[in-house]
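Novice: One letter stands for each residue in the lines below.
Number of protein chains: 2
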Amino acid sequence: MNKQILLANRPIGLPKADTWQVNTTEIPEAKAGEIVVKNHYVSLDPAMRGWINDMKSYIPPVQIGEVMRAGTVGEVIQSNNNEKFKVGDIITGWGGVQQYSLSKGEMYYKVDTSLVPMPTYIGTLGMPGMTAYFGILEVGKIKEGDTVLVSGAAGAVGSIVGQIAKIKGCKVVGIAGSDKKCQYLINDLGFDGAINYKSENIKNGIKQFCPKGIDVYFDNVGGDILDAALSCLRMNARVVICGAISQYNNTKHIQGPSNYLSLLVNRATMQGMIVMDYAKHYKEAAMQMGMWMMQGKLKSREDIYEGIENFHETFLRLFSGEKNGKLILKVI
Amino acid sequence: MNKQILLANRPIGLPKADTWQVNTTEIPEAKAGEIVVKNHYVSLDPAMRGWINDMKSYIPPVQIGEVMRAGTVGEVIQSNNNEKFKVGDIITGWGGVQQYSLSKGEMYYKVDTSLVPMPTYIGTLGMPGMTAYFGILEVGKIKEGDTVLVSGAAGAVGSIVGQIAKIKGCKVVGIAGSDKKCQYLINDLGFDGAINYKSENIKNGIKQFCPKGIDVYFDNVGGDILDAALSCLRMNARVVICGAISQYNNTKHIQGPSNYLSLLVNRATMQGMIVMDYAKHYKEAAMQMGMWMMQGKLKSREDIYEGIENFHETFLRLFSGEKNGKLILKVI
Numbered sequence: 001m002n003k004q005i006l007l008a009n010r011p012i013g014l015p016k017a018d019t020w021q022v023n024t025t026e027i028p029e030a031k032a033g034e035i036v037v038k039n040h041y042v043s044l045d046p047a048m049r050g051w052i053n054d055m056k057s058y059i060p061p062v063q064i065g066e067v068m069r070a071g072t073v074g075e076v077i078q079s080n081n082n083e084k085f086k087v088g089d090i091i092t093g094w095g096g097v098q099q100y101s102l103s104k105g106e107m108y109y110k111v112d113t114s115l116v117p118m119p120t121y122i123g124t125l126g127m128p129g130m131t132a133y134f135g136i137l138e139v140g141k142i143k144e145g146d147t148v149l150v151s152g153a154a155g156a157v158g159s160i161v162g163q164i165a166k167i168k169g170c171k172v173v174g175i176a177g178s179d180k181k182c183q184y185l186i187n188d189l190g191f192d193g194a195i196n197y198k199s200e201n202i203k204n205g206i207k208q209f210c211p212k213g214i215d216v217y218f219d220n221v222g223g224d225i226l227d228a229a230l231s232c233l234r235m236n237a238r239v240v241i242c243g244a245i246s247q248y249n250n251t252k253h254i255q256g257p258s259n260y261l262s263l264l265v266n267r268a269t270m271q272g273m274i275v276m277d278y279a280k281h282y283k284e285a286a287m288q289m290g291m292w293m294m295q296g297k298l299k300s301r302e303d304i305y306e307g308i309e310n311f312h313e314t315f316l317r318l319f320s321g322e323k324n325g326k327l328i329l330k331v332i
Numbered sequence: 001m002n003k004q005i006l007l008a009n010r011p012i013g014l015p016k017a018d019t020w021q022v023n024t025t026e027i028p029e030a031k032a033g034e035i036v037v038k039n040h041y042v043s044l045d046p047a048m049r050g051w052i053n054d055m056k057s058y059i060p061p062v063q064i065g066e067v068m069r070a071g072t073v074g075e076v077i078q079s080n081n082n083e084k085f086k087v088g089d090i091i092t093g094w095g096g097v098q099q100y101s102l103s104k105g106e107m108y109y110k111v112d113t114s115l116v117p118m119p120t121y122i123g124t125l126g127m128p129g130m131t132a133y134f135g136i137l138e139v140g141k142i143k144e145g146d147t148v149l150v151s152g153a154a155g156a157v158g159s160i161v162g163q164i165a166k167i168k169g170c171k172v173v174g175i176a177g178s179d180k181k182c183q184y185l186i187n188d189l190g191f192d193g194a195i196n197y198k199s200e201n202i203k204n205g206i207k208q209f210c211p212k213g214i215d216v217y218f219d220n221v222g223g224d225i226l227d228a229a230l231s232c233l234r235m236n237a238r239v240v241i242c243g244a245i246s247q248y249n250n251t252k253h254i255q256g257p258s259n260y261l262s263l264l265v266n267r268a269t270m271q272g273m274i275v276m277d278y279a280k281h282y283k284e285a286a287m288q289m290g291m292w293m294m295q296g297k298l299k300s301r302e303d304i305y306e307g308i309e310n311f312h313e314t315f316l317r318l319f320s321g322e323k324n325g326k327l328i329l330k331v332i
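If you read the protein sequences in the order shown, they are chains A and B. Quick note on numbering: the numbering used here labels position 197 of the first sequence as 197, and the sequence is numbered without any gaps. Quick note on numbering: the numbering used here labels position 82 of the second sequence as 82, and the sequence is numbered without any gaps.
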């Protein structure tokens, strides 16, 4: 049988258990040209919270009763003359929060698990890694010697952003939610500084580690941290708007950055990004990042939980911060 | 005698009469290398409100007891072997809110009043015009066919922004504070649409005139209008942050744009600008705009009040909107 997580209703604020419905259905059969993938791992990402709002956005909302959208990696178990994939291929794509996915193989691509393990293909070599890569290089336009600040720094995107900036010769400071995460950033990932936003004054922390200000701020969180970063920009700084996890479960208005006039004073730029725009270049980014991983310059950390029926509780770890690295659910 | 307006104390919120002190002093004497300029016209600009806050910004704050900083245009009445200017030259620069200014002539340049009258050199061919020119062309990066929205559209900067965008083949919609101003934008300046933010729903107005959304938003005002514009961005839109007049007299926090995540959804850019950065290119901009004026493509409107002792009341017209075009004080 195929266990699935369906969107049962649209949450106001933080999703509740009844936001989701566990559904059990037959394992699908591939018709001509189709494949069935057995999804081993499902990617849990902050962006998923946005996809269940009934709002026009960069991607249509998940509808009530639909399988929850999610990135996956798994094995092809049926291929009915599909032109791209054969049985046994390990492929990654948008399988959704379910154990088996039927498709024509569109938006999937094949991966090589002899190089890195399966979960890494939905982490550092998947969407989060791509987001980090194109966000910091193409939007942040980092150059050697820049001072780079990143929020959500111990997370799937932030940890890669910071490491790429280090590889490119930047000074890197991270903001994270526990002393343990901060120690990980400094001791394991080689960050130059780390600020625990739950126990420290953020602005003081930034000023301590970035006395001359910030050239690039990569924002995953929004809210007060974005405002603190804006107040410390250098001339011609770039602010990359990748996400705003602190605001996704707001029941009222999103908190706009009241220090946005720092953009004017510092002739700075704030730019939003969506990783899908760079799809044509995913392959070269994956090759480059794979190389850095083999050279030991780029570390990937996944935090894997098990059981599709634990989807709800596991998903909430994104917002509580109770996770270490890329959050993944093993569903089979 | 030389009448001057000094900063007497720093206002909280809207400046009051006692923010300023009228001072009378001797007409200065030019020492070796110096000039004395008789200031005919003083430019009144929203940015001046920022200059009297005791805050680090793009320019040092005016100190208590100092002559209020302002752009001016006037006539050289003494030149003690100054290398750039001789008696009789009409020059524009930072003379401040006073009738006579002593300087070495730095930051001044000579103008030709046979082409356009003196006040235009602190309006369309001065800072406001330069701000409009570089803001919409260099930061807004307009191209033919773009839909351009501008706030403060009947003002010194906004009216020039809109006209340049029309010259460049854009569709232009303005936001202003009265029906009379809106009619002026459409009937006199050739805007394609105009929204009276005091009597209309701003977002509905934008949607009516820009059904496909906005490619470039030029913001002079901030606040709710910025938020409405952000909610109507097209893909890859550019938001030029030139000013935030609605927020300058706030006694509490500045209102941050709660719709800033539209930058992410639409892969849009919000960029701040300061006109001084383009000083090297003022001359070519002035030549281009002078040409457009002679061709009748660019209209300049000044609203000139008289009497240096009326500085306070006249300055407040910037914030009440009770003015038509570039606000100028004739002080001699």
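Simulated from the structure, these hints should not be mistaken for lab results. It should be emphasised that the depicted structure is a prediction, and the values quoted were computed from it without experimental measurement. Even for Gly, the Cβ is constructed at its ideal location relative to N, Cα and C. Incorrect hints may have been included.
[What the hints assert, rightly or not] Computed Cβ-Cβ distance ranges for the label pairs, DEER-style:
no., chain 1, residue 1, chain 2, residue 2, range
1, B, N81, A, P211, 41 to 49 angstroms
2, A, D54, B, E284, 49 to 57 angstroms
3, B, V87, A, P211, 48 to 56 angstroms
4, B, R234, A, M235, 26 to 34 angstroms
5, A, S178, B, I12, 34 to 42 angstroms
6, B, E106, A, D54, 43 to 51 angstroms
7, A, N204, B, T113, 48 to 56 angstroms
8, B, N249, A, E66, 43 to 51 angstroms
9, A, M235, B, N236, 19 to 27 angstroms
10, B, V87, A, N204, 35 to 43 angstroms
11, A, N204, B, R10, 24 to 32 angstroms
12, B, H253, A, D277, 29 to 37 angstroms
13, A, N250, B, N249, 36 to 44 angstroms
14, A, P211, B, E200, 29 to 37 angstroms
[Claimed, not checked] With a straight-line Cα cutoff of 27 angstroms, these simulated DSS-like cross-link-like pairs (lysine-lysine) come out:
no., chain 1, residue 1, chain 2, residue 2
15, B, K212, A, K56
16, B, K280, A, K141
17, A, K280, B, K252
18, B, K198, A, K252
19, A, K203, B, K56
20, B, K56, A, K171
21, B, K252, A, K207
22, A, K198, B, K252
23, B, K283, B, K143
24, B, K207, A, K56
25, A, K141, B, K297
26, A, K56, B, K56
27, A, K207, B, K56
28, A, K56, A, K84
29, A, K31, A, K16
Novice: Each hint: holds or not?
Specialist: Hint-by-hint comparison with the structure:
Hint check: N81(B) to P211(A), Cβ distance near 45 angstroms, so the stated range 41 to 49 angstroms holds. Our hint of 49 to 57 angstroms for D54(A) and E284(B) holds, since their Cβ atoms are close to 51 angstroms apart. Our hint of 48 to 56 angstroms for V87(B) and P211(A) holds, since their Cβ atoms are close to 50 angstroms apart. Remark: the range hint 26 to 34 angstroms for R234(B) to M235(A) is upheld by a beta-carbon distance near 29 angstroms.
The given range of 34 to 42 angstroms is respected by S178(A) and I12(B), whose C-beta atoms sit roughly 40 angstroms from each other. In this structure the supplied range 43 to 51 angstroms is violated for E106(B) paired with D54(A), their Cβ-Cβ distance being about 60 angstroms. Checked against the hint of 48 to 56 angstroms, the C-beta distance between N204(A) and T113(B) comes to roughly 54 angstroms, which is consistent with it. Against the hinted window of 43 to 51 angstroms, the Cβ-Cβ separation of N249(B) and E66(A) comes to about 49 angstroms, which satisfies the hint.
For the pair M235(A) and N236(B), the supplied restraint of 19 to 27 angstroms holds, since their beta-carbon distance comes to about 25 angstroms. Between V87(B) and N204(A) the beta carbons are some 56 angstroms apart, a value that contradicts the proposed interval 35 to 43 angstroms. Range check, N204(A) to R10(B): about 26 angstroms between beta-carbon atoms, so the 24 to 32 angstroms window is met. For the pair H253(B) and D277(A), the beta carbons lie near 34 angstroms from each other, so the given range of 29 to 37 angstroms is met.
A hinted range of 36 to 44 angstroms is violated for the C-beta pair N250(A) and N249(B), which are about 28 angstroms apart. A hinted range of 29 to 37 angstroms is violated for the C-beta pair P211(A) and E200(B), which are about 48 angstroms apart. Our distance criterion of 27 angstroms between C-alpha atoms is met by K212(B) and K56(A), whose separation comes to about 14 angstroms. At roughly 26 angstroms between alpha-carbon atoms, K280(B) and K141(A) fall within 27 angstroms of each other, so this suggested pair holds.
Taken as a hint, the K280(A) and K252(B) pair is broken in the structure, with Cα atoms around 47 angstroms apart against an allowance of 27 angstroms. With a C-alpha separation of about 25 angstroms, the suggested pair K198(B) and K252(A) falls inside the 27 angstroms cut-off, and the hint holds. Distance check on the hinted pair: K203(A) and K56(B) sit about 16 angstroms apart at the alpha-carbon level, within 27 angstroms; holds. For the proposed pair K56(B) and K171(A), the alpha carbon gap of about 25 angstroms is at most 27 angstroms, so the pair holds.
In summary, the hint linking K252(B) to K207(A) is supported, as the alpha carbons are separated by about 24 angstroms, within the 27 angstroms threshold. This hinted pair checks out: K198(A) and K252(B) have alpha carbons roughly 25 angstroms apart, not beyond 27 angstroms. Among the hinted pairs, K283(B) with K143(B) is consistent with the structure: their alpha-carbon atoms are about 23 angstroms apart, no more than 27 angstroms. With a CA separation close to 15 angstroms, the supplied pair K207(B) and K56(A) stays within the 27 angstroms bound.
A distance of roughly 39 angstroms separates the Cα atoms of K141(A) and K297(B); the hinted pair therefore is violated under the 27 angstroms criterion. A hinted pair counts as satisfied when its Cα atoms are at most 27 angstroms apart, and K56(A) with K56(B) does not qualify at roughly 39 angstroms. Between K207(A) and K56(B) the alpha-carbon distance is near 15 angstroms, which keeps this suggested pair within the 27 angstroms criterion. For a cut-off of 27 angstroms, the pair hint linking K56(A) to K84(A) is broken: about 32 angstroms separates their Cα positions.
A threshold of 27 angstroms between alpha carbons decides the hint, and for K31(A) with K16(A) the separation of about 36 angstroms lies outside it, so the pair is violated.
The earlier numbered hints that this structure contradicts are 6, 10, 13, 14, 17, 25, 26, 28 and 29.
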